[in-house]
Amino acid sequence: MRPDKKIAVAEETDMCLAIPMKIKAIKGDFAEVSSGRLIRTINIQMLPQAKAGDFVLVHAGFAIQKVDPQEAKETLRLIDEIR
Amino acid sequence: MRYVDEFRNKELSMKILARINEISPARRVNIMEVCGTHTQSFFRFGLDKLLASNIKLIAGPGCPVCVSSSGYIDCAVKLAADEEIIIVTFGDMLQVPGSKSTLEKERAKNANVTVVYSALDSLKIAQKNPGKKVVFLAVGFETTAPTVALSIISAKKEKIKNLFFFSSLKLIPPAMGYLLKDKRLAIDAFLCPGHVSAIIGTRPYQFIAKKYGIACCVAGFEPLDILEGIYMLLQQLAQAKARVANQYLRAVTKSGNKEAQKFIRRVFKTADADWRGLGRIPKSGLKLKDNFSQFDAEKQFRFKLRNPRTQEPANKCKCGDVLKGLINPKGCPLFAKICKPDNPIGPCMVSREGACNAYYKYR
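If you read the protein sequences in the order shown, they are chains X and Y. Here numbering that gives the first Met the number 0 is used: position 9 in the first sequence is 8, and no number is missing along the way. Here numbering that gives the first Met the number 0 is used: position 339 in the second sequence is 338, and no number is missing along the way.
Calculated from the structure, these hints are not laboratory results. Glycine included, C-beta positions come from ideal geometry on N, C-alpha and C. A hint or two may mislead.
Claimed, not checked - Lysine-lysine pairs mimicking DSS-like chemistry, simulated, CA-CA at most 25 Å apart:
#1 X:K21 / Y:K329
#2 X:K50 / Y:K253
#3 Y:K127 / Y:K182
#4 Y:K155 / Y:K123
#5 Y:K9 / Y:K158
#6 Y:K298 / Y:K329
#7 Y:K298 / X:K26
#8 Y:K155 / X:K72
#9 X:K26 / Y:K155
#10 Y:K261 / X:K26
#11 Y:K14 / X:K72
#12 Y:K253 / X:K26
Unchecked claim - Chain X stretches covered by chain Y per the calculated footprint, using a threshold of three residues with CB under 8 Å from any CB of chain Y:
#13 40-46
#14 51-64
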């Protein structure tokens, strides 16, 4: 999984890039999140409803939005149905 | 699901591409991708080589580093020269040229310039250096604005006295509105930025579809996202009915992240802002509200930005036209000859999200 880590680190310097990461644990305003082998502590004040197990978009040390698993599946399904 | 690899599926990509090429009109179609991250992804995944040649993606002004005015950089450079000041910034800002210098050059001359990943890091730096004044260069769009707002709120809560924010935060929809007023601009559709929209939602783009009749689609940044976004735009063009479509449903809703918007409103007010290459755009920037003025670098250091129009570098750099989508980077006389990533003349070559940088790297 090493390349994963490399890519994530390189990409997160992009100004508007946000990467999906999974919440491991929440402590107050902060959460421990992971993507591959990359683990970070991020601020989750913008997402008061977030809970462990959720995927969130991480930008500049903050979770900016939850990733909706249902909608993600739906998007892939619709793309598969394009013909 | 990890929400990355699934959206890089080659088979599905080829499927959408075939469909795109089927429904695309014979004429040239100009799609402006507003966000620099779209520009990067587009080339990185080789989508430019796969799309029909009459579908042109034009890189817009959506790279916050690229549109920082040289007046802003000059002020930062001036602050960096003060031994009492530590400048804290995102890495991309180091090479952005001001009228005389860059932060990187100042750093080589011993100025105190520190690169961070998050605005929150500036609080720790201020606490560790009580004898210094710490200035955070707040650059970014709506995606970054709430992260800065929350950092300012934290600084107030922790009663930090030696931290100041120099805001060049900017708003995307007013800039799009400004572009649409330029009659030379021939845009058929906008691919709207996914992560700005994660915060603001799809609603703020409505005026573009309604007033200007131009198709909009918010899209994510993986290859499937971008391709589906283009497909959805072509569908709108085929039906000749402009609306704001949303491809990035897993992260973007109609009204966005209201909590984040609340933090932005608590700390910032809208103000006119200077965009490099575009000039001054009314109500397109964010400045600190009065009840946070103790953290406002502009109030603390009382410098005035000079008019950016009169002080653009006097060379042949065409970043302004590139940002408006009037020419592509190859249309600039300096591109790849003098202006390269290791010697950037204009801001579009500096940032990884800049159109010229992407063209240079991938073409």
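Run through the hints listed earlier and report the numbers of any the structure violates, in increasing order. 1, 3, 5, 6, 7, 8, 12
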